[in-house]
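Chemist: Here is how the chains run, residue by residue.
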Amino acid sequence: MGSVRTVALILKAREYSETSLVIRGFSRDFGQFTALAKGARRLKHYRAGALDLLCCSEVTLRRRPRTGLDLLHEARLIREFFALGRPFVECLAGHVVAQVLLGLTFANVPEPRLFQAAMATVGEPTEPRLLQFLWDAVCALGHCPTLDRCAVCGIPMDHRPQSVRFCPVAGGILCERCPPVVLPGHRISRGALRALQLLAKGPSGSRRKLRFQGQIRVELWRLTADLVETLAARPLNALRTYLRQTGIGTAQGSTRRTALQTPPESDRLPNRAVRP
Amino acid sequence: MAGYSRSIRDLIELLTQLPGIGPRTAERLSLYLVHHQPYARRLAQAIEQVARRVRRCAICNNFTETEEICEICRDPNRDRTRICVVEQPRDLVVIESSGAYRGLYHVLGGRISPLEGVEPDHLSLDHLVKRIHDQQPEEIILATSPTTEGDTTASYIVELLRDLPVQITRLARGLVPGSGLEIATADMLVNAIRDRRPVERPGR
Ligand SMILES: [Zn+2]
Ligand SMILES: [Zn+2]
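Chains as they are written, first to last, in this note's numbering: chain A, 1 to 276; chain B, 1 to 204.
Derived from the structure by calculation, the hints contain no laboratory data.
Ideal Cβ placement from N, Cα and C applies to all residues, glycine included.
Do not rely on the hints blindly, as some may be mistaken.
Pair by pair, the computed Cβ-Cβ distance ranges are [what the hints assert, rightly or not]:
#1 B:Pro165 / A:Arg79: 43 to 51 Å
#2 B:Arg52 / A:Ala233: 38 to 46 Å
#3 A:Asp148 / B:Asp195: 53 to 61 Å
#4 A:Thr67 / B:Lys130: 27 to 35 Å
#5 B:Glu48 / A:Gln116: 31 to 39 Å
#6 A:Leu71 / B:Ile21: 47 to 55 Å
#7 B:Leu29 / A:Tyr16: 17 to 25 Å
#8 B:Glu139 / A:Asp29: 26 to 34 Å
#9 A:Val4 / B:Arg53: 41 to 49 Å
#10 B:Gly20 / A:Asp148: 47 to 55 Å
#11 A:Leu231 / B:Gly20: 29 to 37 Å
#12 A:Glu15 / B:Lys130: 50 to 58 Å
Some chain B residues well away from chain A (every beta-carbon gap over 12 Å; in silico) [stated by the list, open to error]:
#13 Gly3
#14 Arg6
#15 Ile8
#16 Gly20
#17 Arg53
#18 Arg56
#19 Ile59
#20 Val94
#21 Val118
#22 Glu138
#23 Glu139
#24 Val158
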């Protein structure tokens, strides 16, 4: 297979042998890739910094689909991330983008809209943009939760209840009768549900930036983190650090308590089996 | 590695845990040691000494042995108004060998790497803040690597020290961005230290 050239966001670089790097990137044209950059640490063929985390670079790859490890021939830096001089939480937001792309996207599946959203977020890693990016990612990858009807039984939920249960595993909001078994979830306010519906409309490519404050902000972030971790099927360190540093995480310093674990007794979903 | 005796198997297993050593290399090294017994004994002694004697300096977190405080912190001829913050002891060694810096150091013990789960709490940052309170240096030189993670760490430190009366500077970007300090040449480091720039602090 011949060489291909594309633009990519560098998501991870791991030292390999004395002189080389193994790069994981997210490309505009073919989604995620893993590539061996021979001699990259001697910096002969690669313009300085082009393979650093969160840089946007033009890369030339020899694709090797059978091994799953491409060869990186050349990398030219297009845009650096510029972590220094940014607020620390914005640096973290960049790392969150990288970790979400690593956890949710696949090799050889182009996601041009998501690529654009990622580039925009890395270029301006503010809190509203990052939240919108997470929803863009969830929806672009086909995981947009059901937000207008019960995700289990399908009955419309347009009667505007004060609060509603959201269950990442069930894939959306739930009516008070569903589901028949206890699933971990979140009880969210009507305002938060409305906000979710706006976020799910995306994409962040538009100039629209939604800002949320107070309790709604906390509800949205905890739920979004839970949803993204559920889809990635593992804890995402960068996202958890982000929530802690922005004060959204719990006092125990872990979003896990609010996210993946079973909620406290009072907050559990009703269990149909024990209802009269 | 069935077929080898118990102690050779143990040695192979232990060597495999070293960074960059796979089972094949571990096997090769083990057999070399078996064939070169005087060398193997000297190596074992050296490893024993390092494990027993080397510890972290109580002031700067660099390696030290015999004394609780490292040689650099004890040296009365060092410039005590400056502390250069590095990620690892090997970065300190690189800067020392450039000969361009005569101040003190602070070794963080790593850099913030959110993807790898390395958070600010994992670095010796509380210790740095306490040191600045106690010693009142004039300048903190951030010499974390010129990479996204190194700069992320520097950003965190800048915010952490925001309200302390100390000037914060960063090594000039003459260093190759995206690589560690260890691949910098002595000339590059001399320039980077000489041309270091004050860091702007948010909200100050
Ligand atoms: Zn239902
Ligand atoms: Zn010391």
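Chemist: Each of the hints needs a verdict: does it hold here or not?
Modeler: So, going through the hints one by one against the coordinates:
1. Distance hint check: the CB atoms of Pro165 (chain B) and Arg79 (chain A) are about 36 Å apart, inconsistent with the given range 43 to 51 Å.
2. At about 44 Å, the CB distance of Arg52 (chain B) to Ala233 (chain A) agrees with the hint of 38 to 46 Å.
3. For the hinted restraint 53 to 61 Å between Asp148 (chain A) and Asp195 (chain B), the CB-CB distance of approximately 59 Å keeps it satisfied.
4. Taking 27 to 35 Å as the suggested C-beta distance range, the pair Thr67 (chain A) and Lys130 (chain B) does not conform, at roughly 50 Å.
5. Between Glu48 (chain B) and Gln116 (chain A) the beta carbons are some 57 Å apart, a value that contradicts the proposed interval 31 to 39 Å.
6. The hinted window of 47 to 55 Å between Leu71 (chain A) and Ile21 (chain B) is violated, with their beta carbons roughly 24 Å apart.
7. For the pair Leu29 (chain B) and Tyr16 (chain A), the supplied restraint of 17 to 25 Å holds, since their beta-carbon distance comes to about 20 Å.
8. Distance hint check for Glu139 (chain B) and Asp29 (chain A): the Cβ-Cβ separation is about 47 Å, which falls outside the suggested range of 26 to 34 Å.
9. Checked against the given bound of 41 to 49 Å, the beta carbons of Val4 (chain A) and Arg53 (chain B), roughly 54 Å apart, lie outside it.
10. For the pair Gly20 (chain B) and Asp148 (chain A), the beta carbons lie near 54 Å from each other, so the given range of 47 to 55 Å is met.
11. For Leu231 (chain A) paired with Gly20 (chain B), a C-beta distance near 34 Å keeps the hint of 29 to 37 Å intact.
12. Separation of Glu15 (chain A) from Lys130 (chain B) is about 33 Å and departs from the stated range, judged on CB atoms against 50 to 58 Å.
13. Every Cβ of chain A is farther than 12 Å from the Cβ of Gly3 (chain B); the closest lies at roughly 28 Å, confirming the non-interface assignment.
14. For Arg6 (chain B), the condition that its CB be more than 12 Å from all CB atoms of chain A holds, with the nearest at approximately 31 Å.
15. For Ile8 (chain B), the non-interface assignment is confirmed: its Cβ lies about 26 Å from the closest Cβ of chain A, beyond the 12 Å cut-off.
16. Interface exclusion of Gly20 (chain B) from chain A breaks down, the closest Cβ pair being 7 Å apart, not more than 12 Å.
17. Non-interface call for Arg53 (chain B) relative to chain A: holds, since the shortest CB-CB distance, roughly 29 Å, exceeds 12 Å.
18. The claim that Arg56 (chain B) is not at the interface with chain A holds, since no C-beta of that chain comes within 12 Å of its own (minimum 24 Å).
19. With a closest Cβ-Cβ approach of about 26 Å to chain A, Ile59 (chain B) is found to remain outside the 12 Å limit, as its non-interface label requires.
20. Even its closest Cβ contact with chain A, about 15 Å, leaves Val94 (chain B) beyond 12 Å, as expected for a residue assigned away from the interface.
21. A Cβ of chain A approaches the Cβ of Val118 (chain B) within 12 Å, the least distance being about 9 Å, so the stated non-interface status is violated.
22. The Cβ of Glu138 (chain B) lies farther than 12 Å from every Cβ of chain A, with a closest approach of about 21 Å, so its non-interface assignment holds.
23. Every beta carbon of chain A lies more than 12 Å from that of Glu139 (chain B), the smallest distance being close to 17 Å; the non-interface claim holds.
24. Its beta-carbon lying about 8 Å from the closest one in chain A, Val158 (chain B) breaks the requirement of being farther than 12 Å from that chain.
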